[in-house]
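Which chain is which? The protein sequence lines are A and B, in order. Numbered per our numbering, the first sequence spans residues 125 to 668. Numbered per our numbering, the second sequence spans residues 7 to 212.
Derived from the structure by calculation, the hints contain no laboratory data. All values derive from a computational prediction rather than experimental measurement. Watch out, some of these pointers could steer you wrong.
[Said to hold, decoys possible] Okay, derived cross-link-like pairs now, PhoX-like style, lysine-lysine, Cα gap no bigger than 20 Å in a straight line:
hint	chain 1	residue 1	chain 2	residue 2
1	A	K127	B	K199
2	B	K161	B	K199
3	A	K333	A	K348
4	A	K133	B	K139
5	B	K199	A	K133
6	A	K250	A	K196
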Amino acid sequence: MLKMISNNKFFVVALVATIVTAGMSFGNLPTPSPPQGVQVINGVTFNFSDYPFVPHESLALFNYLDTIVSSKYQGYGEWEGWYAENYHGLHHYVLAFMDYTVSAMFEATSGYRTDYYREFAYDLIKRMNTTEEEWGENSIEYKEWTHPEYNYVDYYYPNNASDPNAVYVGGWRGPANIMWTGHYALMQALYERNFNTGEFIDELSWFIKDWNLSLLTDRHGNSKEGGLWGVGLIPCEPYIVFVQCNSIPILTTALYDNMMGTNYMPMWDYGLNFINTVMQDQYGLFMDGYYVDRPTSIYYNTERLPDTIPGPAQSLYAKDGRCKVSSYCNGWALAFLEYIQENETIHDYPIFLQHFKKDISPDMAYIIDTYNNPTGFGTFDILGTLFTMHLANQRGDYALRNRLVNFLYSSYNKIWSSDGRRMYYDTLSIEPFMQPVLAFGHIWATNPVTIKDLGDARPAEFWNYPYISSADDDNIWVYQAQWDPNKSAFILNIRVDRTATLTFSNFDATPTAYFGGTVLTQLTQAADGYTLTLSPGQYNLVIM
Amino acid sequence: MTEETTKSEASAEKMTVLERCRMNDRSALMKTMLYALVGAALYTILQMIPHPFIVLGLLKFGLLPSLTIIALVGAIRGPTAGFLTGYLGEVTYGLLIHNTIVTMTLDAAAFGVIGLIVGLASYDLKNGRSLVKLSILSVTGLIFSTLLIVVIAMKVEVYGTLAILGFEMLPLLTLGIPTLMFLTPVLARIWAKIAISLSPAGEKAH
Numbered sequence: 125m126l127k128m129i130s131n132n133k134f135f136v137v138a139l140v141a142t143i144v145t146a147g148m149s150f151g152n153l154p155t156p157s158p159p160q161g162v163q164v165i166n167g168v169t170f171n172f173s174d175y176p177f178v179p180h181e182s183l184a185l186f187n188y189l190d191t192i193v194s195s196k197y198q199g200y201g202e203w204e205g206w207y208a209e210n211y212h213g214l215h216h217y218v219l220a221f222m223d224y225t226v227s228a229m230f231e232a233t234s235g236y237r238t239d240y241y242r243e244f245a246y247d248l249i250k251r252m253n254t255t256e257e258e259w260g261e262n263s264i265e266y267k268e269w270t271h272p273e274y275n276y277v278d279y280y281y282p283n284n285a286s287d288p289n290a291v292y293v294g295g296w297r298g299p300a301n302i303m304w305t306g307h308y309a310l311m312q313a314l315y316e317r318n319f320n321t322g323e324f325i326d327e328l329s330w331f332i333k334d335w336n337l338s339l340l341t342d343r344h345g346n347s348k349e350g351g352l353w354g355v356g357l358i359p360c361e362p363y364i365v366f367v368q369c370n371s372i373p374i375l376t377t378a379l380y381d382n383m384m385g386t387n388y389m390p391m392w393d394y395g396l397n398f399i400n401t402v403m404q405d406q407y408g409l410f411m412d413g414y415y416v417d418r419p420t421s422i423y424y425n426t427e428r429l430p431d432t433i434p435g436p437a438q439s440l441y442a443k444d445g446r447c448k449v450s451s452y453c454n455g456w457a458l459a460f461l462e463y464i465q466e467n468e469t470i471h472d473y474p475i476f477l478q479h480f481k482k483d484i485s486p487d488m489a490y491i492i493d494t495y496n497n498p499t500g501f502g503t504f505d506i507l508g509t510l511f512t513m514h515l516a517n518q519r520g521d522y523a524l525r526n527r528l529v530n531f532l533y534s535s536y537n538k539i540w541s542s543d544g545r546r547m548y549y550d551t552l553s554i555e556p557f558m559q560p561v562l563a564f565g566h567i568w569a570t571n572p573v574t575i576k577d578l579g580d581a582r583p584a585e586f587w588n589y590p591y592i593s594s595a596d597d598d599n600i601w602v603y604q605a606q607w608d609p610n611k612s613a614f615i616l617n618i619r620v621d622r623t624a625t626l627t628f629s630n631f632d633a634t635p636t637a638y639f640g641g642t643v644l645t646q647l648t649q650a651a652d653g654y655t656l657t658l659s660p661g662q663y664n665l666v667i668m
Numbered sequence: 007m008t009e010e011t012t013k014s015e016a017s018a019e020k021m022t023v024l025e026r027c028r029m030n031d032r033s034a035l036m037k038t039m040l041y042a043l044v045g046a047a048l049y050t051i052l053q054m055i056p057h058p059f060i061v062l063g064l065l066k067f068g069l070l071p072s073l074t075i076i077a078l079v080g081a082i083r084g085p086t087a088g089f090l091t092g093y094l095g096e097v098t099y100g101l102l103i104h105n106t107i108v109t110m111t112l113d114a115a116a117f118g119v120i121g122l123i124v125g126l127a128s129y130d131l132k133n134g135r136s137l138v139k140l141s142i143l144s145v146t147g148l149i150f151s152t153l154l155i156v157v158i159a160m161k162v163e164v165y166g167t168l169a170i171l172g173f174e175m176l177p178l179l180t181l182g183i184p185t186l187m188f189l190t191p192v193l194a195r196i197w198a199k200i201a202i203s204l205s206p207a208g209e210k211a212h
């Protein structure tokens, strides 16, 4: 043996080094997908691959997010685990897009509506609405609005307080802070869409009516084409209108109309026309910002100001009068507006990629911040890539989606909790604040339901469908859960780590759970529905 | 196949260019192409399988087994087969799995350079010194390949230097060097064993 080793020294060294290297690095391999089988029950075929599916890693990432969001762990104004101490002005975006992500994830398993998911969405809304009075400098009001660096607090339109026609439009919840009010309202709208509690309807309605006032009148009681600011859009920062920021209240209004049976959407007609005709760059993509008045905040770069105001924000790189463009603006706006103007997104998507996509390798690509500065690389390139991952997923461009995901996630280790329930991407060595962002970003990119799918309200009969109303959530992984109204059966793809009981509501009679095409068990009647107790294992269940 | 790996280093020095490229007659050319195609197919298959890696600080370590196929084919069948394995394998992988061709296949050609450089030398694959030579030339090929990819990214594709360094050059080196240095000689040795056992006369293989 020793002689053999002695005769093959280099081979042995290379073999050991290979084994050691491979052994050290297997933790980042993808988790295998749970099975999606086919069952035939009473002559009806149930193919699990026909139903939306949430991957195992998405659920593990969600479990991690729960530990930094849920009020079970910390107060609404506390930020332990967010690594956000050194930032302001970004927290509310993280909360909002996390909410859109999980709302889409909840929709993928629309029959699993226990408090675990509902409370997460509720806590996000409450976190988004923390006031300075209660939480001081930890509040979103401070971080997004009253932070002294912004100088956002009091302002008028036109930007001259002594003008007798000037309208006061200041305030955190005021008419011109669409970069917060829009997100907050959409979070509320999605909560009501997904959980139908009615709790946020009044506040949501107030925002819708306030936008209606701004977009159709001069806020002095007179109707005005293009609304107060004359562009049919609502500004933020506080004298710039952005397509991306306005895409949020536009989608909110569409969803609100769908849920409430109202007709507020026409208030956006002028603004939609404005973004599709005026706020366009040389390629017909959205420009990133249009000044409706001269700004006041110290953040405004005078190099961005157009010669005449109103006018488009200027590119810092081209310096030849070209407008500012960015991938995050287009990636975001094209995705969120697809529900409203699908053809525009379909038309612009390939043009957007043509000018913003950079190929690293066959399995990796990224999106540059702006084609006016193709050799730069920084935060906004990452942001543009994040937004385009979702857009590509929504457009069904999975090849590009995967390449963008590979680019963004290939530099981080997956960290699993010791019980295997939670996972996150460790960004501490590069940028700690990215950790929660990349956690929901992965779900955002890979979920089978996208933001476009959330524009429709659920049909009234949906609320009568059987669903899982409570469960031992800590013991299970719910990959698929929905009522199939056409086959009158509940589809459940679940992994059980420890014995777990699920309670189903809305079944009219005692249902039977089928597994592998044969009867597994009948559910047990309880006070609040029918219960199913499952031993540890992997199940594709049809319950009918 | 063992026949193809039995040239001695001394006789290799006297080879013509076509002989070194294993394209000196129709039969040799056909075999070279066959090796390249099989190598490209293996490369594509290995690329499809997620590779293990670990990130330490800003550096990414692990194994990229597909790279060893390029080096192995180069070592076994010469520079043409080695180059084509990398080139065709990378193009096929991009087209089949990611529906894309990157930078007019120039990147793929850069991967082929690994096989080209490795294939320029001759090896006795069951000899330790020869395996060391294979390791060194594989890594040399990777360095040339990486430099070419960086130049292509900067001059043809034109994107951020930070993106090139952080997402392309460094990972390729930190994954590729351990792979080519350690895994290539291991697989080469295994190949030599297989070749000997398949040889009817138990012929010496190298």
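Hint check:
no.	hint	verdict
1	A/K127 x B/K199	holds (18 Å)
2	B/K161 x B/K199	violated (44 Å)
3	A/K333 x A/K348	holds (16 Å)
4	A/K133 x B/K139	holds (14 Å)
5	B/K199 x A/K133	holds (16 Å)
6	A/K250 x A/K196	holds (13 Å)
Checked against the numbered hints given earlier, the structure breaks only hint 2 and satisfies all the rest.
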